[in-house]
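**Student:** Listed below are the residues making up each chain.
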Amino acid sequence: MVLYELRTGAPAILRRDAQALFQSTRTCCRRYASSTATEELEQTSSFSTPDPSEDIIKNYDPIARSRKRSVQLPPSRYQFRPPKYYRGPLHPHQPPHPSDPSSREFIPGPFTLPRLEQTYESTIAPDLMTLTYTHFPPGYRAPEKSERLRTWRGDSPYFKNRPLRGPRGGDALRLLRKPITFRNIPRITGVTIHSMVKEAKEDSAYLHVAGMVMQAISNVKVKTHVAKSSVAQWGLREGKYISATAHLKQEDAFHFLSKCVDVVLPRIKDWKGLKGSTGDSSGNLNFGLTPEAVALFPEIEINYDMYPPKMIPGCNIIIHTTARTDRDARLLIRAIGFPFYGKLVD
Amino acid sequence: MRRIWSSLSQNPSICTSCLVTISQRRHASATAVAIAEDNSTPPQTTHIPPVSEAASPKTAYQLRAGVVLSRPPQITRDLTPFEKSFFLYQRRLNERLALPFTRYFYFKKDTPADVDWKRKIKTRLTPARDIGVYNPYSKEGWHDELLVGDRTSEVESQVEALLKDAEVEAVGDKDAQEQEQVGGGKKEAVERPMPRETEADRKGDVRSLDRKLARTLYLLVKDKTGRWCFPSDRLVGKEILHLAAERIIVQAGGINMNTWVVGNAPVGHYSRPFRTPVVDSAKGIEELGEKVFFMKARILAGQANLKENALELTDFQWLAKEEIEGIVTPEYWSDVKNMLATR
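Residue numbers (UniProt numbering), protein chains in the order written: chain A, 1 to 346; chain B, 1 to 343.
Chain A on its own, in the form it takes in the complex (with noise of 0.2 Å):
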């Protein structure tokens, strides 16, 4: 009995006793880190800064100064070259960055702020977001799901650390779709544009304007790939150069898809639109064009004759997004502007 009234009294009295205590330490030593830490900033800021006057603007020229140098500062004093090898993590030397201006690898971009993207961000992703809502009530619990890969479950001694078994009904594992939230909405991460150049393997010319064209309409530098095997139906030898891909990122990927729904897809003949059954069940979706479409973008027809007729390729054009199934990244490739035919395959 005197047990459990200390049990349900001690609570209550140490709380008393804690309370007294901060009650006492509250008022004598009070104390934040932010209004602290405030008094040491300055209170004058670089922005409050008068411009320069008038006269230093007009007659600030940096060009004419460097001309009147007498001696010029040696390249070295004031020119960064990062070393050309990476020779390791604990080598003092260092190369900088990719995205510094003073790395050898440094690309510049982007140059602009494309067209698509503005669009997707003010009004596509906002509509999918709607249209794919799911409302759980707070306090839902999913009910739980059976475990993806089971283990190995009996009284056999080998079951022991034995890995998972495979996925059910086949050999891959499909990725999970996940309700969407404003955090994983549908969104286009790339394009790649792939060709397979048959006649390559007699004439390399035809690669050769293959990667010129594809360059051309993607601006991005095209990589070639050998045949990692042969056929002997298609003529096909190991090791000879046969397709070329590029692989667009942002930016480009951004002008390139406007430019088809703009341009190019409008202008083709009979063209009913991407085939319905299309997608690799994770949310990458693909379509070809003819040689004949391929020469209506805006960089080809523009030097057509640059180009030989005969060799201008045809291509697949993979679009990669982040939907986990077909079904939401065709929702979101349909509101840029792509139509579907035939049956809708998930």
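Hints listed in this document are in silico derivations from the structure and should not be mistaken for laboratory results.
Any given hint might turn out to be false.
Think about it this way: if two alpha-carbon atoms lie no more than 25 Å apart in a straight line, the pair counts; the simulated DMTMM-like pairs of lysine to aspartate or glutamate are [stated by the list, open to error]:
#1 B:Lys-222 / B:Glu-290
#2 A:Lys-58 / B:Asp-78
#3 B:Lys-122 / A:Asp-203
#4 A:Lys-249 / B:Asp-78
#5 A:Lys-68 / B:Glu-83
#6 B:Lys-321 / A:Asp-127
#7 B:Lys-164 / A:Glu-299
#8 B:Lys-84 / A:Asp-305
#9 B:Lys-118 / A:Asp-51
#10 B:Lys-337 / A:Asp-127
#11 A:Lys-259 / B:Glu-140
#12 B:Lys-120 / A:Glu-301
#13 A:Lys-68 / B:Asp-165
#14 A:Lys-58 / B:Glu-154
#15 B:Lys-84 / A:Glu-292
#16 A:Lys-58 / B:Glu-290
#17 B:Lys-224 / B:Glu-199
#18 A:Lys-259 / B:Asp-165
#19 B:Lys-108 / A:Asp-61
#20 A:Lys-68 / B:Glu-140
#21 B:Lys-108 / A:Glu-301
#22 B:Lys-321 / A:Glu-301
#23 B:Lys-109 / A:Glu-301
#24 A:Lys-259 / B:Glu-160
#25 B:Lys-139 / A:Asp-100
#26 A:Lys-58 / B:Glu-246
#27 B:Lys-118 / A:Glu-301
#28 A:Lys-259 / B:Glu-83
#29 B:Lys-109 / A:Asp-305
#30 B:Lys-84 / A:Glu-301
#31 B:Lys-108 / A:Glu-299
#32 B:Lys-139 / A:Asp-305
The hints should help you fit chain B onto chain A, whose structure is shown.
**Tutor:** Only chain B this time, still in chain A's reference frame:
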């Protein structure tokens, strides 16, 4: 289960469909009901007074559907000063780092286009047409920053530069050269882009859909009490929200609007208690306030027309987000602002 059923069936403040599903629900409110049942205490209802057996009317909220009808931005937004100067900086860097322009791939030798190109590159010094006069390969290539007051990074001056570049002077034939010597070469007029500011912007016409092309515009209507709000109406019978939204669009703005109701779920809600409860004697319901659930809709074509509207609306406006704040009540704004797009 049966216990819950029997207790709930006596409680008229719960609708039939909730009554059926409430025991199957997995969320917190169902648990709360179950706990209350276990303790056999009366349910704590704060806003709904306990219903007595007397013939006093049921209390409820007036359920309304609202439509947030919007016109998405038609043109790109204005760039910030930082973005403008950053993009120009990157373009000039690109000119410094890129390989020289392969002229003969784009222009055949001694064609008029080639001659034109040679003349133009002499003045602007770089193949890029919108980065001002800048020679990236020269000894002074390091001087790629703009001086104070230089307007090269402004979009307007870049557009002017592109337009000036697009003008093709008739070159190559002797007549044109003679003309040039006599006075001014023949220049083909280049089509100028449409202005970003329209006539409705200049006039301040808030009823036009052509105003503020870079912003999302929302349809606001003035109801019979003189308040500005999004068009809304009571739900009729067992009407579903998105069907109600379609009906309201037609009843408020007429049939001359091509619209699309986005999704089946509301994007926001607004609730307000009435000062004095309204008694609906026909249904025997006392209404304590109104709850409006807003559906999102887009206008694709057409224009609102309040003639013959069934909702007794007197006026309408197409407004951007910050303009709405000025004309609606503070309570309305605080409930509504988070569902409107910033741009």
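**Student:** Taking the hints in turn, state whether each one holds.
**Tutor:** Structure-based check of each hint:
1. B:Lys-222 / B:Glu-290: holds (17 Å)
2. A:Lys-58 / B:Asp-78: Violated - the C-alpha atoms of Asp-78 (chain B) and Lys-58 (chain A) are around 29 Å apart, more than 25 Å.
3. B:Lys-122 / A:Asp-203: violated (40 Å)
4. A:Lys-249 / B:Asp-78: holds (23 Å)
5. A:Lys-68 / B:Glu-83: violated (34 Å)
6. B:Lys-321 / A:Asp-127: Holds, at roughly 17 Å.
7. B:Lys-164 / A:Glu-299: Distance of about 21 Å is within 25 Å: holds.
8. B:Lys-84 / A:Asp-305: Violated. Lys-84 (chain B) to Asp-305 (chain A) sits at ~36 Å, over the 25 Å cutoff.
9. B:Lys-118 / A:Asp-51: Status violated; Cα separation ~41 Å.
10. B:Lys-337 / A:Asp-127: holds (17 Å)
11. A:Lys-259 / B:Glu-140: Given pair Lys-259 (chain A), Glu-140 (chain B) is violated - Cα atoms ~36 Å apart, limit 25 Å.
12. B:Lys-120 / A:Glu-301: holds (22 Å)
13. A:Lys-68 / B:Asp-165: Since the Cα atoms of Lys-68 (chain A) and Asp-165 (chain B) sit roughly 34 Å apart, the hinted pair is violated (cutoff 25 Å).
14. A:Lys-58 / B:Glu-154: holds (20 Å)
15. B:Lys-84 / A:Glu-292: violated (37 Å)
16. A:Lys-58 / B:Glu-290: Between Lys-58 (chain A) and Glu-290 (chain B) the Cα gap is close to 65 Å, so the pair fails against 25 Å, i.e. violated.
17. B:Lys-224 / B:Glu-199: Answer violated: Lys-224 (chain B) to Glu-199 (chain B) is near 31 Å, above 25 Å.
18. A:Lys-259 / B:Asp-165: holds (22 Å)
19. B:Lys-108 / A:Asp-61: It is violated: about 40 Å lies between the C-alpha atoms, which goes past 25 Å.
20. A:Lys-68 / B:Glu-140: holds (13 Å)
21. B:Lys-108 / A:Glu-301: The hint holds at about 15 Å.
22. B:Lys-321 / A:Glu-301: Violated: Lys-321 (chain B) and Glu-301 (chain A) sit about 43 Å apart, past 25 Å.
23. B:Lys-109 / A:Glu-301: With Cα atoms ~19 Å apart, Lys-109 (chain B) and Glu-301 (chain A) stay inside 25 Å; holds.
24. A:Lys-259 / B:Glu-160: Within the cut-off at roughly 23 Å; holds.
25. B:Lys-139 / A:Asp-100: holds (22 Å)
26. A:Lys-58 / B:Glu-246: violated (63 Å)
27. B:Lys-118 / A:Glu-301: holds (22 Å)
28. A:Lys-259 / B:Glu-83: Distance of about 23 Å is within 25 Å: holds.
29. B:Lys-109 / A:Asp-305: holds (13 Å)
30. B:Lys-84 / A:Glu-301: Answer violated: Lys-84 (chain B) to Glu-301 (chain A) is near 30 Å, above 25 Å.
31. B:Lys-108 / A:Glu-299: holds (16 Å)
32. B:Lys-139 / A:Asp-305: violated (36 Å)
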